[in-house]
Amino acid sequence: MTATDLSKLADLLEQDSLPSWLREEIDRRTSDILSALKRGQSIKLLGPHGEELIIGPVPQPAPV
Amino acid sequence: MIALAASLLLALYIVVPGLLFRSLYRLFIPLRILVGTTTEQATRAVITTIFPFILALLIAWYIPPLDNFPVRADHPELRLSDYRTVASCLYSEQQFTAAGPSFWEALDRTWHRQVVFLFWFYLLTAAIGLFFGYLAGSYGRFKSNRFYRWFADKFLFSRISEWHPLLTPFVFADRNTVVRANILTVSDNLYRGTVSEHFVDGDGKLTGVILTEAVRFDRRSFLQDKDAMRSAETEAYWKEVPGDKLYVFADKIVDLNLSYESPEPSDQVLERFLSRRLDVAVHIEYTKPKTHQRKKPK
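These protein sequence lines are chains A and B, in that order.
Positions 0 to 63 (numbering that gives the first Met the number 0) are the ones given, in order, by the first sequence.
Positions 0 to 297 (numbering that gives the first Met the number 0) are the ones given, in order, by the second sequence.
Please note that the accuracy of each hint is not assured.
[Stated by the list, open to error] Pairs of lysine to aspartate or glutamate residues, derived as EDC-like cross-links and limited to a Cα-Cα distance of at most 20 Å, are as follows:
no.: 1; chain 1: A; residue 1: Lys43; chain 2: B; residue 2: Asp278
no.: 2; chain 1: B; residue 1: Lys142; chain 2: A; residue 2: Asp15
no.: 3; chain 1: B; residue 1: Lys153; chain 2: A; residue 2: Asp10
no.: 4; chain 1: B; residue 1: Lys142; chain 2: B; residue 2: Glu161
no.: 5; chain 1: B; residue 1: Lys153; chain 2: A; residue 2: Asp4
no.: 6; chain 1: B; residue 1: Lys142; chain 2: A; residue 2: Asp4
no.: 7; chain 1: A; residue 1: Lys43; chain 2: B; residue 2: Glu270
Hints were generated in silico from the structure; no laboratory data involved.
With the rest of the complex left out, here is chain B (with noise of 0.2 Å):
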């Protein structure tokens, strides 16, 4: 009997708000993308459920009249003495025999109060759930906040899968941007294309990209032309590749070349470039597209 309340109470309070929090935190970033071992993995889920553990058990005990939310908690002062009955007469026959009907009394009063319990320990692990991934979704928002960039460094993703920044436009803040590929197969094949989807293992190890527009460069014909004189514009030689997507095994990439083409790069990262590429200060006014212009908040 002890055994099966044991496996009742793990369920109840480990493993369905870990699988609340889970199911609420990926609607806003893969987890995936979130790695490493099995014990910073329980670490992790500990740090996220610890909270609102403890919101709720101040709310079950102090907090009137949520502490008698959904159903009636009544006498806090028998709390105690309840759970000492009912978890001797689980785990002792002849305890539960010389309880009598006082087991019976004191097993409603605490399963009452676990209700009450476990109704805001679930309400708000789900609200931290919604939370955090709200903040790691929004990366490319928040990032240039110091005291975000720190907590999110330190905690939201103090250890994540490097492709998922690299192959995705997550870190920006324009969701639009796009990230162009450039891979070198061990075949000796140059393939170009737009990144749309990539995989990663359980250890947030790369097994493949998935490419659309993709171009293959005929090396041979450049080589042959090369060879026999006739200069023709390199983009001659990128040929399309049959098929909508072209998926590439990791395992077969020696050289990946990426680039991220914004729609709407911030006025930084053009004056930055700008003065790299002109190798001079400049000043400039940058007028966005009006399609891509974003409504400003009220």
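So here's chain A without its partners, still in its complex pose (with noise of 0.2 Å):
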């Protein structure tokens, strides 16, 4: 392998590497995640071995 750097070809088989469950779970409930950030509020999904995901909008800055 010449063309491409070992590290390019890691950052880009690192993408999307996630365990089955949570990528069946994000698109089972990408509606209810959706509605749940669009009312600001937070969603948690739940792992097979005791796996946690919570999933917010992102914290504001608060004012200066």
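With the hints as a guide, bring the two chains together.
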């Protein structure tokens, strides 16, 4: 492999390297997640081995 | 006689250190993934043994008491004249007869010096082999360091078979990452499974892949049902392949679709994926399962 540095290939491969349950859960609940975010709320996804993913809106910086 | 001495020197100074380095380096990473022409391989071998060679030379010449370990090497002031005596006597029988017992004395001192030098040379070669092997084998762990990335791109893996990073969890910090593949073959069969092993030839070209948990897509039934307007879930057409492991010859592969499942994705990977999938910036908190959590160093 000469055309691409290993580090570039590694970055490419690492993108989207998620556990299957998470990918499926996100696909299944996309509309729930989007509506929760629209309301400014967080939503929790649970994995089969006790994993927890909380997805929320990006916190706004406090006014100066 | 000179040919015999040259062969011995070649073995002791080039072949043995090369073998030592490679045998320790391969404890961390398979050597077959490093490809290149014979010249490139020879250059790599010289570069990896030149540092231990210079260091061993410095130790054997200038650093007491290491310059007399593991055997005593007396009379360093006679080093040059001893080498001349030994070389000329090996080259010419006339010189050998003329030198008499002084040849054996010079040979004895030379031999002791070489034992000291070779001891340190082999020890340092082994240490550097282990060190480089550890660096190469820990790519996933260290790749976030920009100095390491540069070193790995330019030196450690300047010529690497692309199949190793593609078909193993080599580039992932999480070594439990699973590589899943969908393989379409020339016979129009579609297989799905976990890549458990792959094989490359001497040039780093893929020769075959072993899939475990392999399933085959029953395309014929799928098309028949589709024509008959009997709709069913696509998943229902994946049929188990008998046997534990499915070997697919590389020359039968038309298309290879890979995905990587890391049980412990990093927060950055998660955030990037979600932002792209949902088309909105998000903040995440991911709690890893206790069974997968690594012990933090104290």
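To see whether the hints hold, each was checked on the structure:
At roughly 18 Å between alpha-carbon atoms, Lys43(A) and Asp278(B) fall within 20 Å of each other, so this suggested pair holds. Distance check on the hinted pair: Lys142(B) and Asp15(A) sit about 17 Å apart at the alpha-carbon level, within 20 Å; holds. Distance hint between Lys153(B) and Asp10(A) is fulfilled; the C-alpha atoms sit about 17 Å from each other, no more than 20 Å. For the given pair, Lys142(B) sits about 17 Å from Glu161(B) by alpha-carbon distance, which is consistent with the 20 Å threshold.
Pair hint Lys153(B) plus Asp4(A) holds up; C-alpha atoms about 8 Å apart against a cutoff of 20 Å. Restraint check for Lys142(B) and Asp4(A): satisfied, since their Cα atoms lie roughly 12 Å apart, inside the 20 Å limit. Of the supplied pair hints, the one linking Lys43(A) and Glu270(B) holds, its CA atoms being roughly 15 Å apart against a limit of 20 Å.
When held up to the earlier numbered hints, the structure conflicts with none and fits them all.
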